[in-house]
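There are 2 protein chains.
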Amino acid sequence: MKAADFMARAIELAKKGRYKTQPNPMVGCVLVKDGQIIGEGWHQEYGKDHAEINAIKNCKKKFGAKNAYELIAGSDVYVNLEPCSIQNNTPPCSHALIKYRIKNLFCGTLDPNPKINGRGVKLLKESGINIKVGLLKKECKELNRIFFVNQKQLRPYIILKSAQSLDGKIALKNGESNWISNSESRKDSHLIRSRVRGIMVGRATIEVDNPSLTIRLDKSELGLKKNESIDQPAKIILGNLQINEKKQKIFSSKSRIIIGSRHSVKQLKTIQHLKYKKREFLEEFIQDLLKMDISSILVEGGPKTLNAFLANDLFDELVLYTAPSFLGKESKETFNLKAPERIKISKKLKVVKIERFQDDIKTTYYNRKV
Amino acid sequence: MKAADFMARAIELAKKGRYKTQPNPMVGCVLVKDGQIIGEGWHQEYGKDHAEINAIKNCKKKFGAKNAYELIAGSDVYVNLEPCSIQNNTPPCSHALIKYRIKNLFCGTLDPNPKINGRGVKLLKESGINIKVGLLKKECKELNRIFFVNQKQLRPYIILKSAQSLDGKIALKNGESNWISNSESRKDSHLIRSRVRGIMVGRATIEVDNPSLTIRLDKSELGLKKNESIDQPAKIILGNLQINEKKQKIFSSKSRIIIGSRHSVKQLKTIQHLKYKKREFLEEFIQDLLKMDISSILVEGGPKTLNAFLANDLFDELVLYTAPSFLGKESKETFNLKAPERIKISKKLKVVKIERFQDDIKTTYYNRKV
Numbered sequence: 001m002k003a004a005d006f007m008a009r010a011i012e013l014a015k016k017g018r019y020k021t022q023p024n025p026m027v028g029c030v031l032v033k034d035g036q037i038i039g040e041g042w043h044q045e046y047g048k049d050h051a052e053i054n055a056i057k058n059c060k061k062k063f064g065a066k067n068a069y070e071l072i073a074g075s076d077v078y079v080n081l082e083p084c085s086i087q088n089n090t091p092p093c094s095h096a097l098i099k100y101r102i103k104n105l106f107c108g109t110l111d112p113n114p115k116i117n118g119r120g121v122k123l124l125k126e127s128g129i130n131i132k133v134g135l136l137k138k139e140c141k142e143l144n145r146i147f148f149v150n151q152k153q154l155r156p157y158i159i160l161k162s163a164q165s166l167d168g169k170i171a172l173k174n175g176e177s178n179w180i181s182n183s184e185s186r187k188d189s190h191l192i193r194s195r196v197r198g199i200m201v202g203r204a205t206i207e208v209d210n211p212s213l214t215i216r217l218d219k220s221e222l223g224l225k226k227n228e229s230i231d232q233p234a235k236i237i238l239g240n241l242q243i244n245e246k247k248q249k250i251f252s253s254k255s256r257i258i259i260g261s262r263h264s265v266k267q268l269k270t271i272q273h274l275k276y277k278k279r280e281f282l283e284e285f286i287q288d289l290l291k292m293d294i295s296s297i298l299v300e301g302g303p304k305t306l307n308a309f310l311a312n313d314l315f316d317e318l319v320l321y322t323a324p325s326f327l328g329k330e331s332k333e334t335f336n337l338k339a340p341e342r343i344k345i346s347k348k349l350k351v352v353k354i355e356r357f358q359d360d361i362k363t364t365y366y367n368r369k370v
Numbered sequence: 001m002k003a004a005d006f007m008a009r010a011i012e013l014a015k016k017g018r019y020k021t022q023p024n025p026m027v028g029c030v031l032v033k034d035g036q037i038i039g040e041g042w043h044q045e046y047g048k049d050h051a052e053i054n055a056i057k058n059c060k061k062k063f064g065a066k067n068a069y070e071l072i073a074g075s076d077v078y079v080n081l082e083p084c085s086i087q088n089n090t091p092p093c094s095h096a097l098i099k100y101r102i103k104n105l106f107c108g109t110l111d112p113n114p115k116i117n118g119r120g121v122k123l124l125k126e127s128g129i130n131i132k133v134g135l136l137k138k139e140c141k142e143l144n145r146i147f148f149v150n151q152k153q154l155r156p157y158i159i160l161k162s163a164q165s166l167d168g169k170i171a172l173k174n175g176e177s178n179w180i181s182n183s184e185s186r187k188d189s190h191l192i193r194s195r196v197r198g199i200m201v202g203r204a205t206i207e208v209d210n211p212s213l214t215i216r217l218d219k220s221e222l223g224l225k226k227n228e229s230i231d232q233p234a235k236i237i238l239g240n241l242q243i244n245e246k247k248q249k250i251f252s253s254k255s256r257i258i259i260g261s262r263h264s265v266k267q268l269k270t271i272q273h274l275k276y277k278k279r280e281f282l283e284e285f286i287q288d289l290l291k292m293d294i295s296s297i298l299v300e301g302g303p304k305t306l307n308a309f310l311a312n313d314l315f316d317e318l319v320l321y322t323a324p325s326f327l328g329k330e331s332k333e334t335f336n337l338k339a340p341e342r343i344k345i346s347k348k349l350k351v352v353k354i355e356r357f358q359d360d361i362k363t364t365y366y367n368r369k370v
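Going line by line, the protein sequences match chains C and U.
In this text, residue positions in the first sequence follow the UniProt record's numbering: the first is 1, and each later residue adds one.
In this text, residue positions in the second sequence follow the UniProt record's numbering: the first is 1, and each later residue adds one.
Just so you know, these hints were derived from the structure itself, not from any lab.
Since the structure is predicted, the reported quantities are computational estimates derived from the model, not experimental observations.
Be careful, since some hints might not be right.
[Stated by the list, open to error] Examples of chain C residues toward chain U, derived with CB under 8 angstroms:
hint, residue
1, Gly168
2, Leu172
3, Lys173
4, Glu176
5, Phe326
6, Ser331
7, Pro340
8, Thr363
9, Tyr365
[Unchecked claim] Cβ-Cβ distance ranges computed for the label pairs, FRET-style:
hint, chain 1, residue 1, chain 2, residue 2, range
10, C, Thr90, U, Arg356, 39 to 45 angstroms
11, U, Arg356, C, Lys226, 35 to 41 angstroms
12, C, Lys16, U, Lys353, 31 to 37 angstroms
13, U, Asn174, C, Ser212, 41 to 47 angstroms
14, C, Glu245, U, Glu139, 54 to 60 angstroms
Every residue, glycine too, gets a C-beta built ideally from N, C-alpha and C.
Throw the hints in and build the complete structure from the sequences for me.
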């Protein structure tokens, strides 16, 4: 195995934490001695041990504490993200790597967190460890897109999602939108819900469509083990919701409800309400959401909410399910941006994935490089 | 090799004639004796020998005329379409197969031409040949979608093509549409041109965009050999074109020009003009085009022309190149159909292919089963 293969393994391990680590990044770690893996681990859950510590523990478990100490001395360590240098919920990983006298550290990227960025690496270098930063850099950044946005833009990672007809309509004139996409597409959209910490809709969507905003997939569909739990994302509502606890389905499950609006809403124990003075409070609202540990949100509509994010260029990803149907000129358009003066200067996205669910086409776009 | 493999080979051979056989179908033929292919052929060009005759000739060439006669007697014949039973440009193939005393005939589909449909097969059966119809039926029908539409609907096969932005716009408000799609997409669209007998645009497209409407690919890009020629499709214009021979690029190459309109146009030797009295002459016009051997057309726009075909449900295929850009609400929509009362009863297409050209997505839809 080559260096890149060990890093690829670290990324693979990191992904095992995908449902549980937010707002932390996903991190995997591989310890290598004489070309053999002697220990591996990953950050499993927010607040618990980091990947490096888990890899050391894994080595101890395999070879016994004393042998592990000798094995790790002089070893190569592969980790997709710079080891932390500060005490947070757990002691800094850099200290452990120094204590165990590793020889070479390969890390995919520096930590974008300004408090760490380069400091972990510096500390290790000063202790005589050889450092190589940038192995599989692109893949390591891609893995933690959410975390990079959080740290650099100080807001949640934002995914906009919509189902539309072939002619770009999101609903009939009377508001009917059930169902433009097919059941396979709708099931897939629950998979996206499982990867975020909050689902946002405009108040009209709650009042008119009355969705539950929950993940309705079972553990096996999510790739979870029996002893793992499904963390339901927070339900986030934009605007002055007319609350009706008995009728509105968002109140029928226990997960967190957050409302951001300019006016007061009915005060309830089950609701966190953020009130804003400015007319344009969207940016402030989402920044506040990150402070509340909502590191990623899926914006599910309706069209007004969707286009508010687009118009403010507040999004990282756009997911479109396009059905092969025509809803006609009288129906509501999905997008509502202002036209550019010339085609050359039009806003352009990057296509990252095209999938097919029967006759629906799912397209995933990125907004910009993070 | 199994029966289905021999039929697949016949289909493969048939495709070699794809640029040259229209308005005839593509046909391939494989002669098999004791499990071995003893001859194969295909219909190479309109007006020339049919596939069955070419397969017999191929067998003669390989084994000599006398041996071939003995070999073909008692053989199995695989052909994707029912052998013809009437004299046209060439003597009917059924007669040859009877004369050569073949034993079993496998044909993919019956000929949809009402003058033949089942008659070729009947003739062969009466001569004691065993017939099996329907082997790889779906693939054989797909191969000759154009021919089936021609025969059953008495009109050309119609492909609608458009490039659009992610938000479903075909041009800016001022008409600017160059270029929404990228150069790879535009190159691919020339490949579609090479498979049709006519390219249609509305008169405004000629007057405003001034396209050449020619295939601008070289032979190698089309998969043609050096000694094969590129047949340029006819240029077909819908509406009362204001002719300007010196400025309009359609006049700068020699291929056929056909105009269909309600009013007179400037009379030129180079133009065939079809004049109609009815306001709604589109259907009559395309029927007339088939009578003029235009068995397939590619409708390239503009939006008015495109939507006239859509509104009349006069199309077999829709090809959309979607760029990852936003052209905004003020821009011109690609589609302009009337909205359905309910989503359930909306017009639906069938997705047949999704391709990617850099960040453009090409989607090919079929209208209905032919």
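Against the structure, the hints come out as follows:
1. Gly168: This hint holds: C/Gly168 lies near chain U, its Cβ roughly 3 angstroms from the closest one there, short of 8 angstroms.
2. Leu172: Constraint on C/Leu172 satisfied, holds at 6 angstroms.
3. Lys173: holds (7 angstroms)
4. Glu176: C/Glu176 check passes; min Cβ-Cβ to chain U is 6 angstroms, inside 8 angstroms.
5. Phe326: Since the shortest Cβ distance to chain U is 5 angstroms, the answer is holds.
6. Ser331: With Cβ-Cβ at 5 angstroms, under 8 angstroms, it holds.
7. Pro340: holds (6 angstroms)
8. Thr363: This hint holds: C/Thr363 lies near chain U, its Cβ roughly 6 angstroms from the closest one there, short of 8 angstroms.
9. Tyr365: holds (6 angstroms)
10. C/Thr90 to U/Arg356: 39 to 45 angstroms: Since the Cβ atoms of C/Thr90 and U/Arg356 sit about 43 angstroms apart, the hinted range of 39 to 45 angstroms holds.
11. U/Arg356 to C/Lys226: 35 to 41 angstroms: For U/Arg356 and C/Lys226 the Cβ distance comes to about 39 angstroms; the hint holds.
12. C/Lys16 to U/Lys353: 31 to 37 angstroms: Holds: the Cβ-Cβ distance is about 36 angstroms, inside 31 to 37 angstroms.
13. U/Asn174 to C/Ser212: 41 to 47 angstroms: At roughly 46 angstroms between Cβ atoms, C/Ser212 and U/Asn174 fall inside 41 to 47 angstroms, so the hint holds.
14. C/Glu245 to U/Glu139: 54 to 60 angstroms: Given range 54 to 60 angstroms: holds, Cβ gap about 59 angstroms.
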